[in-house]
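Chemist: Which chain is which? The protein sequence lines are A and B, in order.
According to the numbering used here, the residues represented by the first sequence are 5 to 250, in order.
According to the numbering used here, the residues represented by the second sequence are 5 to 250, in order.
It is worth saying that the hints were derived from the structure and are not from the lab.
There's no promise every hint is true.
It does not matter which identical chain is used: a pair holds within one copy or between any two.
Unchecked claim - With a Cα cut of at most 25 Å, we get these calculated DMTMM-like pairs of lysine to aspartate or glutamate:
hint, residue 1, residue 2
1, K236, D169
2, K190, D148
3, K190, D220
4, K236, D248
5, K236, D221
6, K190, E147
7, K236, E205
8, K117, D169
9, K236, E75
10, K117, E96
11, K117, D173
12, K236, D148
13, K236, E147
14, K117, E69
15, K72, D221
16, K72, D220
17, K190, D171
18, K190, E144
There are 2 protein chains.
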Amino acid sequence: MTYCVGMTLNRGLIFMSDTRTNAGVDNISTFRKMTLWEAPGRLSLTLLSSGNLATTQAVISQLAERSKAHEDRDPGILSAPSMFQAARIVAETLREVVASHATGGMTSSASFKATLILGGQVAGGPPRLFLIYPEGNFIEASEDTPFLQVGETKYGKPILVRAYDPDLDFGQAMRLLLVSFDSTVKANLGVAPPFDYHFYETDSLCSGTRGRIQPDDPYYTLISEAWGQALKSALSSLPDFPTDRG
Amino acid sequence: MTYCVGMTLNRGLIFMSDTRTNAGVDNISTFRKMTLWEAPGRLSLTLLSSGNLATTQAVISQLAERSKAHEDRDPGILSAPSMFQAARIVAETLREVVASHATGGMTSSASFKATLILGGQVAGGPPRLFLIYPEGNFIEASEDTPFLQVGETKYGKPILVRAYDPDLDFGQAMRLLLVSFDSTVKANLGVAPPFDYHFYETDSLCSGTRGRIQPDDPYYTLISEAWGQALKSALSSLPDFPTDRG
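Extracted from the complex, chain A is given alone in its bound form (with noise of 0.2 Å):
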């Protein structure tokens, strides 16, 4: 399992993805699931992904070109005219490699899809965020759906429904992606720490604050322990179902 989140915000995107891979749970992993492109003034992007591990590392490298040799790289994706553009070649990668595992070969009971996240800003365009699905098909984050989710997507959805505000600023969002994970890490073993995360700035077309929070990191730390208490209180805040009414 995996859990991921970008999402729009006023003053740019943020985004969040554990790195926890699992095939059982007898056999648990850590990977980084985000991946940064940049040509600094032109654009800057963030995929992040979910699914069939073996196929998302191949979406990457062939996206970065790593079967050429360092000197002869010339990564496509870099001199995508727009993020439409953009999310079409990964898509289109995406749908390439999913379909030249699951067909010809030995076949798996495992799926081989996987489902990407890609958002940024080209030069000359808006900052944009698209969910990438294995089919190689995609929609778009808007006004009324600011944020996209892959992997296990449920138990940390609630608060992000409730408390999100386009005017968060990157460390109140950065709160409250961290309340949404702990949400999840809580109760599915398939999306643990540490989890990585980047603040892209609207029209920095650059990587923005970028880091990863670790097991035991101390901010954390407080806002799980925190937050227990703070959902207590606010629960106590409201009144009490009248039980005497029958």
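Assemble the complex: chain A is given as a structure, and chain B must be docked to it using the hints.
Modeler: Here is chain B on its own, set in the frame of chain A:
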């Protein structure tokens, strides 16, 4: 889909179930999913059902001996000598109904499965709460897992995990359950009010307060609206992420 919760408290048991059934999003209905049996002074049982509606209705009808004339009915479940035996009777009936529909007749792409929550008390024993699987086996709630959910369990679980306390009174537990149900309703169209509830008081050995929360219930409306605000305040009470730490 469905959402039902049974919860153990120091003062008794509390149950809540939604009423939406659906076969696709274009075919929804309202059905009660909570059934009560009582023999005042000897036992009180509450059954919550999720899964195939034909299966759960058949189970309840068989348990209530509805195939017999009214005057001949003597539901075996009412003479169960213990909660464990009551759970066995329900589980065996469920297993038989599922098996009879699943084999030897028309096959269907729909599943005949159903999962039940059975809680209550039989004179001489403590209140007990069980989750009964379509295979006819069951598990019991315990101190470590004091509540049981069936149906769409994920959206409403984080608040239950965080705010559950065995010392809650029925009014407080009702508030907690309504918040959990509201989070679920906001995310899954297959769960919807009205909600049925029942408070069973330990050692009362008869049905307690029960009722139905309609979609326009003033208390539910208040909780649904105030909870969003209370959550935002709770989140604001936590410190922002220190974005300058890089």
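Chemist: Taking the hints in turn, state whether each one holds.
Modeler: These are the hints, each one checked on the structure:
For the identical chains of this complex, K236 and D169 are neighbours both inside a copy (22 Å) and across copies (10 Å), given an alpha-carbon limit of 25 Å. For a Cα distance limit of 25 Å, the shortest separation of K190 from D148 across copies, 14 Å, qualifies, whereas the shortest one inside one copy, 28 Å, does not. Taking CA atoms no more than 25 Å apart as the test, K190 paired with D220 passes inside one copy only; the shortest distance there is 15 Å, against 33 Å between copies. Taking the closest pair of Cα atoms, K236 and D248 come within 25 Å of each other only inside a single copy of the chain (24 Å); across copies the shortest separation is 30 Å, beyond that limit.
For a Cα distance limit of 25 Å, the shortest separation of K236 from D221 qualifies both inside one copy, at 23 Å, and across copies, at 23 Å. In this assembly of identical chains, K190 and E147 lie within 25 Å of each other by CA distance solely across copies; the values are 18 Å between and 30 Å within a copy. In this assembly of identical chains, the alpha carbons of K236 and E205 lie at most 25 Å apart only when taken from different copies (24 Å versus 34 Å within one copy). Taking the shortest Cα distances, K117 and D169 never come within 25 Å of each other, neither inside one copy (32 Å) nor across copies (41 Å).
In this assembly of identical chains, K236 and E75 lie within 25 Å of each other by CA distance neither inside one copy nor across copies; the values are 57 Å within and 51 Å between. With identical chains, the CA atoms of K117 and E96 are at most 25 Å apart within one copy only, with a shortest distance of 13 Å there and 39 Å across copies. In the homo-oligomer, the alpha carbons of K117 and D173 never lie at most 25 Å apart, since the shortest distance is 34 Å inside one protomer and 47 Å across protomers. Only between protomers do K236 and D148 lie at most 25 Å apart by alpha-carbon distance; the minimum there is 19 Å, versus 29 Å within a single protomer.
In the homo-oligomer, the alpha carbons of K236 and E147 lie at most 25 Å apart only across protomers (19 Å), although the nearest pairing inside one protomer, at 31 Å, exceeds that limit. In this assembly of identical chains, the alpha carbons of K117 and E69 lie at most 25 Å apart only when taken from the same copy (21 Å versus 49 Å across copies). In this assembly of identical chains, K72 and D221 lie within 25 Å of each other by CA distance neither inside one copy nor across copies; the values are 38 Å within and 65 Å between. Within a single copy, K72 and D220 get their C-alpha atoms no closer than 39 Å, and across copies no closer than 63 Å, so neither meets the 25 Å cut-off.
Taking the shortest alpha-carbon separations for K190 and D171, only the inter-copy value of 23 Å comes in at or below 25 Å, while the best intra-copy value is 28 Å. For a Cα distance limit of 25 Å, the shortest separation of K190 from E144 across copies, 21 Å, qualifies, whereas the shortest one inside one copy, 29 Å, does not.
Taken one by one, the earlier hints fail for this structure at numbers 8, 9, 11, 15, 16, listed in ascending order.
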